[in-house]
Structure formats: structure tokens, C-alpha cells
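Top to bottom, those sequences are chains R and G.
Quick note on our numbering: the first sequence kicks off at 5 and runs consecutively.
Quick note on our numbering: the second sequence kicks off at 5 and runs consecutively.
To be clear, the hints were calculated from the coordinates, so they are not data collected in a lab.
Remember, it's a predicted structure, so these values are computed and weren't measured experimentally.
Be a bit skeptical, because a hint or two may be false.
To be verified - When the alpha-carbon atoms are kept at most 25 Å apart in a straight line, the in silico SDA-like pairs for lysine to any residue are as follows:
hint, chain 1, residue 1, chain 2, residue 2
1, G, Lys341, R, Thr40
2, G, Lys318, R, Phe86
3, R, Lys125, G, Leu342
4, R, Lys109, R, Arg123
5, G, Lys62, R, Thr40
6, R, Lys31, R, Phe86
7, R, Lys31, G, Ile356
8, R, Lys31, G, Thr25
9, G, Lys226, G, Gln607
10, G, Lys62, G, Thr25
11, R, Lys109, G, Pro338
12, G, Lys318, R, Ala58
13, R, Lys125, G, Val346
14, G, Lys438, G, Lys226
15, G, Lys438, G, Met149
As the list claims (entries may be wrong) - Reference listing, derived: stretches of chain G covered by chain R, where coverage requires no fewer than 3 residues with Cβ under 8 Å from a Cβ of chain R:
hint, stretch
16, 156-170
17, 338-347
18, 352-362
19, 500-510
20, 711-723
All residues carry an ideal CB built from backbone N, CA and C; glycine is no exception.
This is what each chain is made of:
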Amino acid sequence: MNTLQLIINGLGLTFILWIIWYFWLWKGESVEAKATQTGIQEVDITVQGGYRPAEIVVKVGQRVRLNFTRRESSACSEEIVFPDFGLRSHLPQNETISLEMTPSKPGEYEFVCGMNMLRGKLIAQ
Amino acid sequence: MNYEVSVPGLHCDGCAQAVTTAIQTLDPKAQIEVDLPVKKIRVITQATESELHTTLAKAGYPVQDAAAAVPIPSIKLSPEDRTYQDTMRKFWFAAIIAVPVLLLSLPDYFPTLRDSLMDWHSTLSIGAALLSLPVLVWSGGSFFMGAWNSFRNHNATMDTLVAIGTGAAWLYSAVYAVAPGIFPNEAAGMFFDVAVLVIALVLLGQALESRARGQSSEAIQKLLELQAKTARVIRNDQELDLPLEQVVVGDTVLVRPGEKVPVDGVILTGESALDESVVTGESIPMDKKPGDTVIGASLNKTGAFTFRATKVGKDTALAQIVQMVAQAQTSKAPIGKLVDVVSGYFVPAVVIVSVLAFLVWFNFGPSLNFAVVAMVTVLVIACPCALGLATPMSLMVGVGKAAQNGVLIRNGVALENASHLKVLVLDKTGTITKGQPALTDVLPLAEYSEAALLTLAAIADRRSEHPLAQAIVQGAVARNLILTEPQAFKAIPGQGVEATVEQKTVFVGNAKLMTAQGIDLTAFSTAIDQLADQGKTPMFVAVEGKAAGVIAVADTIKADAVMAIRTLQQMGIEVIMMTGDNQRTAQAIARQVGITRVLAEVQPADKAQMVERLQQEQKAKGKGKHLIGMVGDGINDAPALAQADVGFAMGTGTDVAIEAADVTLVGGNLRALVYAIEISKATLNNIRQNLFGAFIYNALGIPFAAGVFYPLFGILLSPIIAGGAMALSSITVVTNANRLRSFAAQPLTEVKS
Chain R
5 MNTLQLIING LGLTFILWII WYFWLWKGES VEAKATQTGI QEVDITVQGG
55 YRPAEIVVKV GQRVRLNFTR RESSACSEEI VFPDFGLRSH LPQNETISLE
105 MTPSKPGEYE FVCGMNMLRG KLIAQ
Chain G
5 MNYEVSVPGL HCDGCAQAVT TAIQTLDPKA QIEVDLPVKK IRVITQATES
55 ELHTTLAKAG YPVQDAAAAV PIPSIKLSPE DRTYQDTMRK FWFAAIIAVP
105 VLLLSLPDYF PTLRDSLMDW HSTLSIGAAL LSLPVLVWSG GSFFMGAWNS
155 FRNHNATMDT LVAIGTGAAW LYSAVYAVAP GIFPNEAAGM FFDVAVLVIA
205 LVLLGQALES RARGQSSEAI QKLLELQAKT ARVIRNDQEL DLPLEQVVVG
255 DTVLVRPGEK VPVDGVILTG ESALDESVVT GESIPMDKKP GDTVIGASLN
305 KTGAFTFRAT KVGKDTALAQ IVQMVAQAQT SKAPIGKLVD VVSGYFVPAV
355 VIVSVLAFLV WFNFGPSLNF AVVAMVTVLV IACPCALGLA TPMSLMVGVG
405 KAAQNGVLIR NGVALENASH LKVLVLDKTG TITKGQPALT DVLPLAEYSE
455 AALLTLAAIA DRRSEHPLAQ AIVQGAVARN LILTEPQAFK AIPGQGVEAT
505 VEQKTVFVGN AKLMTAQGID LTAFSTAIDQ LADQGKTPMF VAVEGKAAGV
555 IAVADTIKAD AVMAIRTLQQ MGIEVIMMTG DNQRTAQAIA RQVGITRVLA
605 EVQPADKAQM VERLQQEQKA KGKGKHLIGM VGDGINDAPA LAQADVGFAM
655 GTGTDVAIEA ADVTLVGGNL RALVYAIEIS KATLNNIRQN LFGAFIYNAL
705 GIPFAAGVFY PLFGILLSPI IAGGAMALSS ITVVTNANRL RSFAAQPLTE
755 VKS
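Based on the provided sequences and hints, a complete structural model is requested.
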């Protein structure tokens, strides 16, 4: 094995380890929803190759409004689905779509894109 | 101006007061009418509509947008079409550029050609690089942007795979074109054509897939299109053509033949036959008379009638159906759980495999080229979309198809469980039978004719409100007997009636009544036994203190019951009947419909417990899923429906969203029950095919692309074919799901008599 081969192999293996860390082990930050005067907990979420923020902490039993704005043309994120609440909505590019729900029990409620690749969750406490 | 606004926050008199005060502050001269029950305010004011809305919102009572009254999630309209056309434009651009790029790449495929063009090779290569660049930037731009965006969020999607795959192919080739010297000799070869064609194919796949997906969600759209657009409302003796949103509860609505019923209501005047197939799936028109309910979106076939609106907007049966279906379509089926876990790790795993493939071939393979091809092919063949779409697409089509046939499935869990049912418990009254007794036999003693006996009994029963008495009266009317009024009438609770008919004292009632009146029943003993064996209830008639005959009344079996039950049994499902009736009557009915196992004398309160006992009985049978379904009326049987693994509620008119039920059979017949189970089985099969296909595709495709078969057979997949396969795989999943749209239930099994 010559030097070039050693370098390439080393780089390749490092890349693999980095993928594992970057995509699987990395943990995002969660954002706590703030309630408006009318008692609705509202959070703006940017949809761009994922959900920012992807973790939203809300209070149980209080209405939640999530405003999704899709800022990309990639077809991957064109739909948003909340399986637990039976909500599915198309997200037109650069438009804000508000979805409302009330988590009645504490727990984690996942939301995903139409093909189940991008994920986020609503954490009700 | 005259306004009418919907204010959902109006709950109490206090709210009404607050709203009135708020509007009066805005315009002291305003005439305000608050309609609490329907949560509407009618205002005549000088203020503008937006001022009115702002004032109400400030007072804490925001106006509900008329358009928002019927929330219809995820109906794909114009944006979808625009996306489709955009994608197609990008595809065509890539496809056209692909032609010259392919021509320029030809020398790489034919060594002799390459040798003769050796001097031009560098120029040709740079030309191909420049030609293909716009394709990557414009046609493939969304993949690269998508990949970058998801990367920043620590996500990886299909975009990531396409972007790395095509990007690597192009970059490697471009570097080689500009500086061939830096690579070892055997590394010759370029992949501009790969980059361009893969982008073209994936784009085409996306466009076709979005088309097909539009068809998948068609069911809801179709239901909505069936709605009437306007309603002819009569207010203050004036006929007004109003848009649907403006119809309020209590309005009188006129419907002419050939028109659609705009909202749900009760007929006031006129008679007609209505095609309610939109909601119930039953295509035979139903005869309607004053007092009967009508369902919005059904078609008026014969006569004109007026009705009072009882449910409007999002409360109508159709709106509830649409909402329920939309919710069910987004729910998850347990069968898809594994995929949910897998798809979370899928894309990074594929990238890792591609890097490994590169390293292995780089170290042990024939050339650097080979390693690059293997890497790119792995990236572009992997299809996370096919996996992600497998379950939801089938569920969407299956649930929608069921709804079109009057079967509302609450969610994916209900659908999956329904497909596994081993035992179905049918409540007797209202499920197998109509729940309304009808006259069956008239058995007079010698001195009376059938007609004479029935006439006497019917006149005596005429003023009674008891269902059994009503059955006798209706039976007499159906036989065209002329009924006069009784001269005297007295109801004897729990026993029957005493009446004076044509100056004679007539008793009609049960055995208890006859015994109380000292009337000898021995002449009837055989008849009593026979009737009981047939599940019929005998009513005795005595005239002037002497027995005159027996009239039998029975609950009638629904038209489809026998065939539906036979079909279920042939599907391998054990059908059990549950009823509060005594053993003898219950057995009689069960025999008629072909049920062998009967749970009789079950009090309504014990039904749920009985279902639980059956569940334990099934569990004792050992391994596998032994699920129990319960079919009942949704109100009295609610606890039993909830206890069962799948609760089926028989629908009644406009009340479609039955809470306790997993499945609502809107049409209220057993044919729909068979359909519900068949469509559930078909949908689950479809999901299995999709999942199997998607798993097998990736499980075979990825190793093939990585070159696992090269040492054995000397074959390596071309990245272009891999890109085509990937585009095809997700189209296949969606197309397979769409096959469910043409699902047709088998005709019910004919019963040999």
C-alpha cells in the first residue's frame, strides 16, 4: 500500500465515522413554545431540508399552532404529516401554512415529511 | 350593509351581550341579532365588513372565515400542477442536452474510436463538461439545494443521494478532462452522460410520481365535487339562490328533481326518491316523505320537496366523512413500523455503503474508474422514497376507496386489525334484523276469516303506540283493510289493549293479558310452539271473552343478511350472534341466517364483558392474532364496540362520525361489512406487496450496484440504469397503490335454498 492509498483509505474511513456522528449521533436543540395572549402556543417553523426548530416543547392540553414556511423547491419536504393528529398538508413554496392541534396527553408527537425522511417532534409536558 | 358572520366563540348569553356592546361601540345605530344556537350574528350597519371583523376580534370573538368552515386538509390544487410543469421543463432540458453529451462520451465507450480521436479527446471532454454544467445547475439545482439544506439540518434525503452521486460523477470527470495527467493511466473514462441522464430520469420519475399521487388522493376530491354549489333557500317567502356557505341551520330549502340536496335536513313538504350513494354507497334510490332525513350531496331523482336544514358546513355528513377520511389517510398502520425505523437511518447508511464500495474497489479493483462507478451507482440506485411511500400510499387509496363505498375506516390500525379478524360478533337487533317488528302470520280460529281477525285487532290497536301494536296496524294497512276508529280504547301496560270495536269487547295482547282475562289458550298451544321456534312473537286476540285467534309479529331480517353472513363464513370468519332475546327466539333467527353460535339473553350492559370473554377464549387458542370484531348500532353497543379489537357501527342517516366505532358502515347494511373486511384485506396485501417490493429492490439493488456480483459474474451495473431503476421504483409503488382504486368487492355468495 503506497502513501496515496493510505491517505485515501484513511480519508474514507474518517468520512464514514463522521457521517455516523453528523447524521445519527447529533442532537438538535429544542425550542419551547410561547403562549400568545389568546392562550395559543405558537411557533414558527422553517422548512428547508428539515425543520427548524425540529423539537418543540409545549404544554399539555393547550392549543398549539405551528406555522410552517417552506423555503425550498426540493420535492422532499413538500408535505407535512402529523400522524397522531391525522393532519396532512401540502406546503407550497414560500407560503406559511398554519396547523393547529391540542396534545391531550404528555408525550412525544412526531411530525414528518410526506415520505417519512425528515422528522421533527412536538414534546408535550 | 347587511352582514351575517359565524362566531364560534359564542357560548352564552354573556358572550352575546359582549358582542352586542362591541358592535354598538363601533356603530351605535347597528341592528344586531345574535343567534346563539348556531353561533351567528346578523348585523345591519354602516360599518365595513373588515371593521366589523376587527371589532369582533378585539372583543375576543373572532369571526370564522366562511371558507375555513369546512377544513379540507391536503387537497392538491394548482401548486401541484405548477410543480409538475416545472419539473417537466427541467426534465426536457436535461433530456435534450443529454443527446450531445452522450455523443461526446461515445469515444469513452469504444476504445478504437477513442484512439482515433486521441488528439481531440481533451477538447471534446471539456465541451461535454461545459454542456452538462447547466443541467446540473438548473435541472438538478433543486437536488443540490435540497441536499445542502437538509445537510445543514443534519438530515439526509433522496436529494442527498442524487446530489452526491451526480456531483461526484461530474466533478471526477471534469477534473479528468482538465488534467488527465494526475490520474493513473488506466483511469480513463468520463461520466458526464451519467450525471445528465440520472438527473433527467429522476426528474421524470418525480413528475410521474406526483401525477400518480394526485390520483391516490382523488377519492376525497371526488366526494367534495359531489357537493352542491348553491342552495335554493326560502326566507321571508322569497326564494334565494345562496352559496352553500350561507345556508344556516333552520333554513327552509327547496330541491327540485335532478338537483342535489345542498345540506343535511328533514323533509317538510313533498315526497321524492333520493340517490344517497355518495354517502351510503347504496345506489338504489330511497323513498323519502315528510319527517324523513335527507343527506347533503344526495341526488333528488323524482319529486320536488322542501326541507329544514339541520346540519350545515362542517357538520354535514359529507363534511364529516371527508374529514374522517382525510384523518385516516394520514394515520399510520402498524405494519409500516419497521419502515419508519429503517427510513430514519437509510440515507446515511447508503452513503456509508457507497464509500465502502469505493474503498474496496479502489484497493482491490481493476481501476479507479471502477471504484467511482460503483460509488455513484450505489448512491443513485438507493430509493428511500419507495420505502417511505409504500404504506401511506396504499392506506390513502384503500381508505378513500372504502369511503366511496360507504365504509368509513377510522385509521390504519383499524384497517390492519379488520384484515386479521377471526371472529365477528353481530348484534341481532338493528344489525341482522331491521329492528322494527312486522306482521308475519294471522291464525284465526274457525269462525273468523284472516281479514276479519286482523281488522278487529288492528282497529283495537290503532291508538296504541307500542311497536308490536303498530306492526299489526301497519300489517293491516298493507293488506288494504279498511280500519275504522275503536269506540273505546284502553292500554294495559305490559299486557296489551282493551277496546270496543263494533260494539264488541276486544282484547289484543300477550299471554299474560289472556290469563288475566280468564281466556283459555289451550287451543293455541301448538301454534305458540311453532311461532316461538320461528322466532316470532304471538299476540292473542279475544272477542267477547272468547279466544278468536293469534297474530304473529317478528323482527324482519335485513335483505342482505343471509348472503353477507354466508360470505363472511366462507372467508373463514366465525360469525356469532349476540342478543338480549331468549334462547328460543335467538336460535330461530340464527337458524334463518345460518349462524350456529348464539349468545342469547345478554343484557345490554353485559355485552362488553361478553366480548372480553370471547377475546380471552380466542387468546387461549394460542399463537397468532385472533382478533374479534363487534358489529352493533354505535349507541347502545358503544362499550362493546370499544372493547372489541375492531368495532363496526351500523350507520343511521346523517350521523356518520360514531365515536366508539373503528369502522362506520354508513349505509347500515351487512353488505358494507363484507366490503369493509375485503377492502382491508386488499389494502393490507397491497401494503405488503409495496413493502416487499421496496425492501427487495433496495436489498438487491444496492449490493448489485456496489459490485458484489462482479467477482462472480463479471457484471457491474451502469449508473444510468441505476438512476432509471430508482426513478421507476417509486413510481411502481404509487402505481401499485393506485391499483386499489379499481378494487371491486366480490358479489355476495348466493345461498342455495
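Exercise. Verify the coverage statement for the stretch 338-347 of chain G against chain R, using a C-beta to C-beta distance below 8 Å and requiring 3 or more qualifying residues.
Key: Contact hint for the stretch 338-347 of chain G vs chain R: holds, 3 residues under 8 Å.
Quiz item: Going straight from one Cα to the other, do Lys318(G) and Ala58(R) come out at no more than 25 Å?
Solution: Distance ~32 Å between Lys318(G) and Ala58(R) Cα, so the pair is violated.
Quiz item: Checking C-beta pairs, does the stretch 156-170 of chain G have three or more residues closer than 8 Å to chain R?
Solution: holds (count 8)
Quiz prompt | 8 Å C-beta criterion, at least three residues: is the stretch 352-362 of chain G covered by chain R | solution = holds (count 6)
Quiz item: Does Met149(G) lie within 25 Å of Lys438(G) when you go C-alpha to C-alpha?
Solution: 62 Å, violated
Quiz item: Holds or violated: Lys109(R) with Pro338(G), Cα cutoff 25 Å?
Solution: Status holds; Cα separation ~21 Å.
Quiz prompt | Pair hint outcome, Lys109(R) versus Arg123(R) [Cα-Cα no greater than 25 Å] | solution = 20 Å, holds
Quiz item: Quick one, are Lys31(R) and Phe86(R) close enough, alpha carbons at most 25 Å?
Solution: Roughly 21 Å separates the two Cα atoms, so the pair holds.
Self-check item: Restraint check for Lys341(G) with Thr40(R), where alpha carbons must lie at most 25 Å apart
Solution: Between Lys341(G) and Thr40(R) the Cα gap is close to 36 Å, so the pair fails against 25 Å, i.e. violated.
Practice problem: Take the C-alpha atoms of Lys62(G) and Thr40(R), compute the straight-line distance between them, and say whether it is at most 25 Å. | Solution: 14 Å, holds
Quiz item: Is the Cα-Cα distance between Lys125(R) and Leu342(G) 25 Å or less?
Solution: Holds: Lys125(R) and Leu342(G) sit about 19 Å apart, inside 25 Å.
Quiz item: Going straight from one Cα to the other, do Lys318(G) and Phe86(R) come out at no more than 25 Å?
Solution: 21 Å, holds
In terms of the numbered hints stated before, the structure departs from hints 1, 8, 9, 12, 14, 15, 19, 20, listed from lowest to highest.
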